[in-house]
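K.L.:
Generate coordinates for the entire structure from the input sequences, incorporating the hints supplied.
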Amino acid sequence: MSHRTLPDNHPGAAATTRSDVDGIHISLKGRLDALGTAFLWDDAVTLVRSGQHASVTADCADIEYMDGAGLALLLKLREEAALAGGKLTITNLREEYQQLINLTWDCELPQWTPKAKERRGFAEAVGKATEEVLLGLREMIAFVGEATVMILQTIRHPSQVRWKDVLLSCINVGVDSLFIIVLIGFLMGLIMSFQSAVSLQRFGGEIYVPNMLGLVMFREMGPLVTAILLAARSGSAFAAEIGTMKINEELDALTTMGLSPMRFLVIPKLLSALAMVPLMTIFFNMASLVGGAIVMLSLGFPLVTFTSRVFAYLHFGDFWGGMFKAVVFSILVAGVGCLRGMQTKDGASAVGLSTTSAVVSGIILIAFADGLFAVAFYYLGW
Amino acid sequence: MMDTRKPVISVRNITCGYDETVVVKDVSFDIMPGEIFVILGGSGCGKSTLLKNMIGLYEPMEGQVLFGDNDLVTAQGDERNQIIRQFGVMYQMGALFGSMSLLQNVMLPLEEFSDLPHEAKTMIAKSKLAMVNLENALYKLPAAISGGMKKRAAIARAMALDPQILFLDEPGAGLDPISSAELDELILNLSRTLGITFVIVSHELESIYKTADRVIMLDKDVKQIVAEGDPKELRDTSENIFVKRFFHRMPSLGKTGQEVKCPVAE
Chain A
10 MSHRTLPDNH PGAAATTRSD VDGIHISLKG RLDALGTAFL WDDAVTLVRS
60 GQHASVTADC ADIEYMDGAG LALLLKLREE AALAGGKLTI TNLREEYQQL
110 INLTWDCELP QWTPKAKERR GFAEAVGKAT EEVLLGLREM IAFVGEATVM
160 ILQTIRHPSQ VRWKDVLLSC INVGVDSLFI IVLIGFLMGL IMSFQSAVSL
210 QRFGGEIYVP NMLGLVMFRE MGPLVTAILL AARSGSAFAA EIGTMKINEE
260 LDALTTMGLS PMRFLVIPKL LSALAMVPLM TIFFNMASLV GGAIVMLSLG
310 FPLVTFTSRV FAYLHFGDFW GGMFKAVVFS ILVAGVGCLR GMQTKDGASA
360 VGLSTTSAVV SGIILIAFAD GLFAVAFYYL GW
Chain B
1472 MMDTRKPVIS VRNITCGYDE TVVVKDVSFD IMPGEIFVIL GGSGCGKSTL
1522 LKNMIGLYEP MEGQVLFGDN DLVTAQGDER NQIIRQFGVM YQMGALFGSM
1572 SLLQNVMLPL EEFSDLPHEA KTMIAKSKLA MVNLENALYK LPAAISGGMK
1622 KRAAIARAMA LDPQILFLDE PGAGLDPISS AELDELILNL SRTLGITFVI
1672 VSHELESIYK TADRVIMLDK DVKQIVAEGD PKELRDTSEN IFVKRFFHRM
1722 PSLGKTGQEV KCPVAE
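Chains as they are written, first to last, in our numbering: chain A, 10 to 391; chain B, 1472 to 1737.
Careful, some of the hints might be misleading.
[Said to hold, decoys possible] Quick list of in silico lysine-lysine cross-link-like pairs, PhoX-like style, CA-CA up to 25 Å:
#	chain 1	residue 1	chain 2	residue 2
1	A	96	A	85
2	B	1694	B	1715
3	B	1496	B	1715
4	B	1592	B	1611
5	B	1611	B	1477
6	A	173	B	1611
7	A	173	B	1691
8	A	173	B	1694
9	B	1597	B	1611
10	B	1691	B	1715
11	B	1715	A	354
12	B	1681	B	1496
Simulated from the structure, these hints should not be mistaken for lab results. Nothing here was measured: the structure is a model prediction, and the numbers come from that model.
P.N.:
Have a look at this one:
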């Protein structure tokens, strides 16, 4: 018996079978809509399947109503009969339902067969994966090369730059993110100072907190966190904007107008990131110092002690090193955001994938570049 | 009488597709100056792919696309830019830049490629928009106008630099009958008054009868041209089963799952 039940207001549906020498006779009754068909589906199919007869006759005289669900049941019975090497004969079906059946009865409904998975050897799989990585790397290098050449060209021909777009992008990248940069900087300064002050207090070393904070923020955390915020906020926005333009054929329109999407879309964004990220880093650093100063004041140190210890131990080399990092990070993050946008494929999910990829790639590149900087600065003695 | 004029575009033995899949195979045809030339065929037959190869967005697997004597497929640098300036393109969805007003959209190519004073550029852009009856929507953003208006604005932008040739990718797609008829009138007007050559990808029969001087029909099974000529003549006289089915809107013999294959045009 079916484990499904019919609601009280349903007139009911049933299937009964009998077997004789001519095969299985299945009699369908009642209302074969979605509910009725669901109620008797398992029973009807099982009865036919276990009947051990190739020939099946479906008597439809007592069907009160039938829609697509009832049709599907008849098609299933036909399929079961065909699997057993026979065929389904339908009798006493009303004319209107015969017309419904005629719509699909002659079509062959293929079974879904999953494609056999391509089996690759280990070496081949490694080779393929390496090839994909190298191709991606090649694309990135080509993009960086083209962007660099174009940025250098803008120095020679500044009139070719769409300065209005650069300005708009500066507002988006810099001005609009100022609040979040300052807030995060302030909180990081506050938290780092407090945490280190608590630890150093045991040794009476709270006085060294400003030294640590200045160095860490200006050399490392300032450019790093600013770049990560840029990746999350602007890198993803670049990818989404360019990706949507690609899907809307706007990039094709630019190309067929003889305009380079690189010059038109990418360069203004790169220039704005180049201009804004160092400034944002300075704001971040200053806000972190404010946070640190509040902690030190609350520990009873005068403000002049804090400032003098910060700036006594912080040299211009540290400041410019941080700024240089910020410039490189900004190119990486803005560049990979634009690249992922240009690589957007078709489909509704493509822009989402590009955006995610822009943020992930941006952060990986930042981490990678920061590691290289750490090694380079160590050997250069900076 | 034989046409002795030189074609503006000659497509020679072009084979194109995506990755390894060939969509159009070894196709050749000429487009004469001033004519409204329509590439038609059923869905998936490669009309838009062929168009994108003709305008240089995709590189064909084989063949040439000659604008006069210059091959767009092999042209590089300035030569390629010169060929590209000869034509304008209207994309299926308009492809207007969403952050710019209609006027700014039309002015963009002028700003990039001409040394005219700003006032002159503005006036040219306004006049192009007036040509497509959008003089009252100059300062609207693309998001604020209808689909038909977007397409007309895209034509105005494509005409900004007074090209000799306009490529239109499914201009009537998604438009109501009135907007579609207005677009047809616009195409005929521009063709008559400015002598622009139109290359249109379409499968809208009403528009094709109304506007097309000559059509080629592609078929996705044979991947080639199956008919070429005047659309009304093809409708009335063609014996090719596929052409008949297309022009007379006859459904395929799908119920038995059997497709009628059509012969290649002689």
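K.L.:
Hint by hint, say whether it matches the structure.
P.N.:
Evaluation of the provided hints:
Of the supplied pair hints, the one linking residue 96 of chain A and residue 85 of chain A holds, its CA atoms being roughly 12 Å apart against a limit of 25 Å. A distance of roughly 18 Å separates the Cα atoms of residue 1694 of chain B and residue 1715 of chain B; the hinted pair therefore holds under the 25 Å criterion. Proximity of residue 1496 of chain B to residue 1715 of chain B is assessed by CA-CA distance (about 22 Å); at most 25 Å being required, the pair is judged to hold. Restraint check: the Cα-Cα separation between residue 1592 of chain B and residue 1611 of chain B comes to about 18 Å, which is no more than 25 Å; the hinted pair holds.
With a CA separation close to 41 Å, the supplied pair residue 1611 of chain B and residue 1477 of chain B exceeds the 25 Å bound. This hinted pair checks out: residue 173 of chain A and residue 1611 of chain B have alpha carbons roughly 19 Å apart, not beyond 25 Å. Taking the CA atoms of residue 173 of chain A and residue 1691 of chain B, the gap is about 47 Å. The hint is violated against a cut of 25 Å. Of the supplied pair hints, the one linking residue 173 of chain A and residue 1694 of chain B is violated, its CA atoms being roughly 47 Å apart against a limit of 25 Å.
Distance hint between residue 1597 of chain B and residue 1611 of chain B is fulfilled; the C-alpha atoms sit about 13 Å from each other, no more than 25 Å. With a C-alpha separation of about 16 Å, the suggested pairing of residue 1691 of chain B with residue 1715 of chain B holds against the 25 Å cut-off. Between residue 1715 of chain B and residue 354 of chain A the alpha-carbon distance is near 37 Å, which puts this suggested pair outside the 25 Å criterion. With a C-alpha separation of about 29 Å, the suggested pair residue 1681 of chain B and residue 1496 of chain B falls outside the 25 Å cut-off, and the hint is violated.
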